[in-house]
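Student: Sequence:
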Amino acid sequence: FTKFEKNLAELNKLRKSLIHNDANDTNIILDKQERKVLAFIDFGDSLTSYTINDLAITSAYVLFKETDPLFALENIVRSFNL
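Taken in order, the sequence shown gives residues 60 to 141; the numbers are from the numbering used here.
The set of hints was computed from the structure by calculation and includes no laboratory data.
Errors might be hidden in some of the hints.
[What the hints assert, rightly or not] Distance condition first, Cα-Cα at most 27 Å in a straight line; then the derived DSSO-like pairs of lysine-lysine:
# : residue 1 : residue 2
1 : Lys-95    : Lys-75
2 : Lys-91    : Lys-75
3 : Lys-91    : Lys-124
4 : Lys-95    : Lys-124
5 : Lys-75    : Lys-65
6 : Lys-91    : Lys-72
Here the structure is a predicted model, which means the values were calculated and not measured.
Could you build the full structure based on these sequences and the hints that come with them?
Tutor: Structural data, given as C-alpha cells:
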C-alpha cells in the first residue's frame, strides 16, 4: 500500500462540500475600505471535494505574493472558521 492508501479511511472522515476550488485575488471581489468580501466570481472550477481543500488552495495563492505569509495565513484560517 502507498502512504495515501493507508490513510484513505482517515481522509474519508473529512467533511465534503461544494468548493470554489480557485479562490484567489482575481476571483474575489473586495470592499477595500470596509475590508470585507463582497462576492466570489468564476465558478468554473467548482466541484464536490473535501471542504478543507478550499483553505489549502486559497493559502497557496496567498503564499505567492505575501511578504509576511504567516500573518496572512493566520487571517485566512481565522476567516475560514467564521
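Student: None of the hints should be skipped; say for each whether it holds.
Tutor: Hints versus structure:
no., hint, in the structure
1, Lys-95 - Lys-75, "holds (26 Å)"
2, Lys-91 - Lys-75, "violated (31 Å)"
3, Lys-91 - Lys-124, "holds (17 Å)"
4, Lys-95 - Lys-124, "holds (19 Å)"
5, Lys-75 - Lys-65, "holds (20 Å)"
6, Lys-91 - Lys-72, "violated (37 Å)"
Checked against the numbered hints given earlier, the structure breaks hints 2 and 6 and satisfies all the rest.
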